[in-house]
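Work out the full structure: start from the sequences and follow the hints.
Quick note on the working numbering: the sequence shown kicks off at 1 and runs consecutively.
Check each hint, because a few of them may be wrong.
Claimed, not checked - Below are the PhoX-like pairs computed for lysine-lysine, each with C-alpha atoms no more than 20 Å apart in a straight line:
1. K91 with K109
2. K97 with K109
3. K158 with K148
Derived by calculation from the structure, the hints in this document are not laboratory data.
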Amino acid sequence: MAQSQGSAVVAISLVSLVSQHLQFWLRRVLLWLIDEEGEATVKKIVNEESDDDDEGYNSIISTAEIEASNHRGRRRKPREEELNIVAENTKEELREKFILLREAYDDLKDVMTRLEFEVDYLKDDQDEREEEMRLQRTELMHLVELIKVMQEEKEGDKNIIRRQQEIIDKWAREGGGCQEE
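See below:
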């Protein structure tokens, strides 16, 4: 009995260790994917999914915005004084402020989309890990049952061997092992 509990503890600790290593390497792969190509991939997915959403805003913004965004790699964060609208602002200044606001909005939208993507990915990953843990737990219970059956068979075999040895010893005492004619 103690031996089966020891085996179960060893099996549980082995499953736990494997699970920890698997989680570590999955996180490393995820971080690697996000660092290396994650931003480009996420932006590509976002652009494919949200092209239809921006129709209304794109009709308001002139082609100057599109050209300006093509020349810049990473947008800078607008300062608050750049966003304040006063009565003295010209039409061109208002247009530039609107473009800055639009860029800030797009940045926030990109960040939100990326975060939603990461959350969905992590939820899926967690669901997969939970399912894997359930499967491992089921397999562990099956193995524990198998060990119990094998130990009972071993005890049964020992009893059979002991009885056979008693019969052999009894025959040896009674008849000397073989009868002579």
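* **20 Å limit on alpha-carbon distance, applied to hinted pair K158 and K148** => holds, 15 Å
* Taking 20 Å as the top limit, are the C-alpha atoms of K97 and K109 close enough? -> holds, 18 Å
* Is the Cα-Cα distance between K91 and K109 20 Å or less? -> Not satisfied, since the Cα-Cα distance of roughly 26 Å exceeds 20 Å.
The structure shown violates just one earlier hint, number 1.
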